[in-house]
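A.B. asks: So the protein lines, in turn, are chains U and G. Following my numbering, the numbering of the first sequence begins with 1 at its first residue and continues without gaps. Following my numbering, the numbering of the second sequence begins with 1 at its first residue and continues without gaps.
Read the hints as simulated data drawn from the structure, not as lab findings. Quick caveat: nothing in here was measured; it's all calculated off a predicted structure. Any given hint could turn out to be false.
Claimed, not checked - No farther apart than 30 Å at their CA atoms in a straight line, the calculated lysine-lysine pairs in the DSS-like style are these:
#: 1; chain 1: G; residue 1: Lys347; chain 2: G; residue 2: Lys392
#: 2; chain 1: G; residue 1: Lys39; chain 2: U; residue 2: Lys34
#: 3; chain 1: G; residue 1: Lys347; chain 2: U; residue 2: Lys179
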Amino acid sequence: MASEFVTLSLTPLLIGIFAAVACALPGNFLLLRKQALIGDAISHVALPGIVVAFLLTGAISTWPMMLGAAGAAIVAVVMIEGIRRLGRIEPGAAMGVVFTTLFAAGVLLLEQSDTSSVHLDVEHALYGNLESLIWLDGTGWDSLLDPQALAYLPVELPRMAATLVVVAAFIALFWRPLKIATFDEGFARTLGMRTEWLGLALVLMAALAAVAAFDAVGSIIVIAMFICPPAAARMMTNRLEVQVGWSVVFASVSAIVGYVLAGYGPMWVGMADAVSAAGMIATVSGVILAISALWGPCRRRAGAPSGV
Amino acid sequence: MLFDALFLQLGYNATLVAVGATLLGAASGITGTFLFLRKRALVSDAVSHATLPGICVAFLILVGLGGEGRNLAALLVGSAVSAGIGLWCMNWLTRNTRLAEDAAIGAVLSVFFGFGVVLLTVIQTLGSGRQAGLEGFLLGSTAGMLYSDALVIAGGGAAVLVMILLARRPMTLVAFDPEYAAARGLSVSRIDMLMMALVMAVTVVGLKVVGLILIVALLIIPPVTARFWTERADQVVILSGILGAVAAYLGAALSASAPNLPTGPIIVLMSFALFALSLLVAPNRGVLAAVLRHRRFQRRVHLRQGLLALAQAQTIYEPLTLRLLARAGLVRADGVATRAGRARAAKALRDERRWEILRRDQAQEAAAALYDGLREIETVLTPDQIAEIDGKIVPAREAH
């Protein structure tokens with residue numbers, strides 16, 4: 001039982017948790033800055049980036065694809081900003097124009113190119129394949145100390161862990177500026193902060209988390225984790241420190257419960273096969289959000305009359 | 001082949017799809033305009049993603065009742081129900097919690113879509129081949145569409161158009177100025193609900209053609225494009241409908257003309273092509289127009305400053321100024337003013353003196369506010385007033 005757990009479930013579970021937390025951390029700030037849908041846009045435009053990287057290199061390899069997705073995210077941010085300024089269009093609509101167009105271009109490229117020989121399709125990009133990231137050499141808990149078995153860990157695990165470390169380090173390092181700029185941008189500017197660069201860095205961190213998670217677990221989790229855990233955490237507290245803490249807890253719980261429900265839930269109700277883990281993790285995060293929206297201690301707007 | 005497709009020569013089904021897509025494009029372009037003017041364009045993204053669980057549940061019910069599970073009308077009803085639930089959740093979150101609308105949109109979008117994906121995998125485990133067709137709702141698939149499906153789409157698109165025609169006046173009013181609409185006694189919340197119902201209807205009808213991920217493009221891109229060309233709300237509505245219809249028609253025809261051209265993405269890219277064109281060449285709001293406007297302004301400033309420099313016998317070093325003056329025949333190649341140049345320069349300097357006096361006169365504050373260094377004084381004052389000002393210039397000179 002233990003060996004089966006380590007082989008089949010340990011790595012997907014860890015990757016799921018790391019991806020969820022890495023997205024939830026910047027998600028807190030994006031939510032407060034009313035940029036929650038940036039994650040949505042980034043995860044849509046990663047598809048054309050990945051397809052272009054594949055067409056250029058002709059192989060499914062990690063680094064070109066990560067670079068392609070990151071490049072597409074930057075192109076998208078520049079396009080949104082450009083269209084917003086040049087056309088004087090509200091940001092929501094500009095975002096809608098850009099990410100649907102880039103996604104459509106990605107789908108078209110995918111259909112036009114011969115990708116039948118490799119595992120690259122729209123469904124995979126949307127809901128990933130968390131379940132397949134198994135660790136064949138992990139035969140038991142002892143394998144964690146066995147360098148030879150560790151060498152065959154799915155590459156997604158160290159990459160996701162590194163992403164989480166980078167994102168967490170960014171948030172920790174820039175905690176004060178981020179906090180001030182998020183709540184009172186004007187005050188931050190009078191203190192001499194370069195708020196626009198800070199905002200761009202935050203979006204880039206979000207893009208990094210999104211692209212790394214996208215590769216491992218698909219875009220569904222990315223969008224859900226950017227928004228649901230921070231939103232649920234927002235209902236629990238008025239303090240940013242506590243909110244970030246709650247969001248990490250909610251993201252981890254979503255990943256664990258979602259993964260377990262997807263893997264074992266169907267068997268409990270008498271069905272033979274597992275369901276999509278990515279979809280289930282998103283669903284669980286939604287349930288958590290619903291619970292906190294109904295009963296969270298700080299769910300109302302400050303100053304709103306109670307009981308209305 | 002493309003030519004055949006454009007003129008509806010590719011058989012009955014392709015023709016029906018093209019006609020259905022055109023109606024859908026018009027309906028979504030018009031509906032989207034109200035959303036866009038209300039600054040709620042991305043709400044449609046939540047609505048469209050929220051349709052997925054409904055499709056799956058409807059499919060499961062159909063299969064549970066012993067059917068094939070491919071009845072398009074039943075699947076669309078299911079999708080409408082779950083889109084409605086998603087919309088309600090989104091409204092509830094924005095109204096009853098501290099979440100902003102964008103967070104509510106993202107939450108509904110991702111959770112409903114995630115749940116739909118779970119249901120999709122459940123359906124996959126039911127039996128091989130059975131789910132074939134449901135994936136088509138993600139990105140749209142018109143290949144192998146049944147006659148009855150095409151009929152549902154064409155009928156749905158037409159029905160939405162009729163609904164919009166009936167409700168266009170109150171919706172325009174609310175989209176444009178909700179406070180005024182409320183003051184006129186209209187129920188803003190009810191009209192908002194109607195607007196959302198229409199968005200839902202367009203989404204549901206478009207699922208099969210464009211797919212739930214890209215249908216939002218049909219609701220956003222045509223209105224944004226139309227907005228470049230006109231400042232009047234009613235014209236934006238009509239233009240957006242036309243643009244949506246054109247993009248959808250071209251896209252459907254193009255995708256029918258060759259294999260591997262999925263309908264939804266082609267329609268979206270067509271819309272974007274129209275958008276990009278408008279962004280560049282639209283009068284007033286277009287980029288090209290803005291560049292031209294800037295150049296014209298720059299030239300006027302240079303010419304004016306050049307004339308003032310000539311009048312005060314200063315040397316002009318700025319090459320652009322010299323070039324502009326020379327081209328207008330006001331200076332010779334060596335920078336010395338021609339006769340016409342001296343006359344224009346003297347007038348420019350005198351106008352500047354007249355403005356100076358005008359701006360010192362508190363009774364003329366309104367006219368003086370129009371001074372920007374470029375405006376001709378004749379466009380502000382009558383000849384009599386100018387003569388009166390000229391009378392004040394001379395004594396001022398004698399006093400020196």
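A.B. asks: So which hints don't hold here, by number, going up?
C.D. replies: 3
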